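J.: Chain by chain, the residues:
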Amino acid sequence: GAGVSQTPSNKVTEKGKYVELRCDPISGHTALYWYRQSLGQGPEFLIYFQGTGAADDSGLPNDRFFAVRPEGSVSTLKIQRTERGDSAVYLCASSSAGGPYNEQFFGPGTRLTVL
Amino acid sequence: KQEVTQIPAALSVPEGENLVLNCSFTDSAIYNLQWFRQDPGKGLTSLLLIQSSQREQTSGRLNASLDKSSGRSTLYIAASQPGDSATYLCAVRQRATGANNLFFGTGTRLTVIP
Numbered sequence: 031g032a033g034v035s036q037t038p039s040n041k042v043t044e045k046g047k048y049v050e051l052r053c054d055p056i057s058g059h060t061a062l063y064w065y066r067q068s069l070g071q072g073p074e075f076l077i078y079f080q081g082t083g084a085a086d087d088s089g090l091p092n093d094r095f096f097a098v099r100p101e102g103s104v105s106t107l108k109i110q111r112t113e114r115g116d117s118a119v120y121l122c123a124s125s126s127a128g129g130p131y132n133e134q135f136f137g138p139g140t141r142l143t144v145l
Numbered sequence: 020k021q022e023v024t025q026i027p028a029a030l031s032v033p034e035g036e037n038l039v040l041n042c043s044f045t046d047s048a049i050y051n052l053q054w055f056r057q058d059p060g061k062g063l064t065s066l067l068l069i070q071s072s073q074r075e076q077t078s079g080r081l082n083a084s085l086d087k088s089s090g091r092s093t094l095y096i097a098a099s100q101p102g103d104s105a106t107y108l109c110a111v112r113q114r115a116t117g118a119n120n121l122f123f124g125t126g127t128r129l130t131v132i133p
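Protein sequences appear in the order of chains A and B.
Residue 45 in the numbering used here sits at position 15 of the first sequence, with consecutive numbering throughout.
Residue 48 in the numbering used here sits at position 29 of the second sequence, with consecutive numbering throughout.
With the rest of the complex left out, here is chain B (with noise of 0.2 Å):
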């Protein structure tokens, strides 16, 4: 069963900085790779889809890079805000079970001190 970890579990940085998010899954036989953005209480708002044929995706300040063969993706963050604070999803659909649905990791909770 394909397993997606996230680390850390949770970061706090000062406003600013650049930083990076990991995401690694264990089955790499994947149709493409989500990030999700999730506020507490609310619901999970995409970021950036990399299709398995695609090495990264950028939009504004997100930078997300994936490699396959390694089972790992990374987002960055450039220039941090406190309006970045929320939890980070990164979510696969698999070859393997007719990728009707997504494989989520456990997130990264985000805290971008002013």
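Just chain A, same shape as in the assembly (with noise of 0.2 Å):
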């Protein structure tokens, strides 16, 4: 009955790291997506899983941002070579299933801080 959770809560790094996010979705969602939430801001999509494969992947910013979800549960957001710009909220959630009319439930995010 857990939700959706996210480690670590809080993640400081040095520009230039790699660093890894990961996600737990609620047990039995098939889609999973990351969102981006910089401050002020509302949260930016990423990208979209169904299943173990990423379906949608057009709001990765660029190639130093990749996302796997091997087992088609757990996923984990890697970003090579952190700038400060990265520094931000990142955000998962999950949905019983993919389409568009499941709600999406949100984790409690995981701060990322790029010194």
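By construction, these hints were calculated from the structure, which means they are not laboratory data.
Model, not experiment: these values are computed from the prediction.
Cβ-Cβ distance ranges computed for the label pairs, FRET-style:
{"#": "1", "chain 1": "A", "residue 1": "P130", "chain 2": "B", "residue 2": "T45", "range": "16 to 22 Å"}
{"#": "2", "chain 1": "A", "residue 1": "V104", "chain 2": "B", "residue 2": "S88", "range": "39 to 45 Å"}
{"#": "3", "chain 1": "A", "residue 1": "A85", "chain 2": "B", "residue 2": "D58", "range": "28 to 34 Å"}
{"#": "4", "chain 1": "B", "residue 1": "S88", "chain 2": "A", "residue 2": "E113", "range": "40 to 46 Å"}
{"#": "5", "chain 1": "B", "residue 1": "V39", "chain 2": "A", "residue 2": "G129", "range": "26 to 32 Å"}
{"#": "6", "chain 1": "A", "residue 1": "E44", "chain 2": "B", "residue 2": "A98", "range": "46 to 52 Å"}
{"#": "7", "chain 1": "B", "residue 1": "I26", "chain 2": "A", "residue 2": "S117", "range": "25 to 31 Å"}
{"#": "8", "chain 1": "A", "residue 1": "L145", "chain 2": "B", "residue 2": "E75", "range": "45 to 51 Å"}
{"#": "9", "chain 1": "A", "residue 1": "G83", "chain 2": "B", "residue 2": "R91", "range": "32 to 38 Å"}
{"#": "10", "chain 1": "A", "residue 1": "N92", "chain 2": "B", "residue 2": "P27", "range": "32 to 38 Å"}
Here a beta-carbon is modelled for each residue, glycine too, at the ideal position from N, C-alpha and C.
Taking the hints as your guide, dock the two standalone chains into a single complex.
T.: Right, here's the structure in full:
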């Protein structure tokens, strides 16, 4: 019955380092989404998984960003060569199925700070 | 590209007042619209989901309406309480982009004064 969980809750790293952010969706949810929220803004879409495959990665800002979901449950967002502009809250959401009519449930987010 | 706007950006009201938050969107070809609440440093809590065929949804003291043709939605909060203080975000699921993602507004920061 647990909701979406994300780890770590906070991550501080130095410019140029590699980071991984983890998302555990609600059990049984096949669709998973990553969003990024900068200070004072609404979340912006990054990538959507249906099962194990990335069905839509059109929101990834560049090739430093990559995400995987190898077993169709947990997902990891990976950021290479981090830049100060990557600092934001990274939110994960899941829904019971893909498609446009299903409600998305969000996790608490990971606050990433790049020094 | 879909643009979602929320007015006002911030709102302060005394406890007990009824209030309305506004959301507008530029492309009316949507599947649905969702209202969220976000507490400081926290994730998003879904409040109400309105499908494009619906006119309104209610949950407790909250009522959300949708006028798809004019690109507007309102969230009505009755008898506001200090615990309602949070940022309220609206988001639409757009038909044109395959509906995989939500387009969010920048939110309205609500403060209810005891």
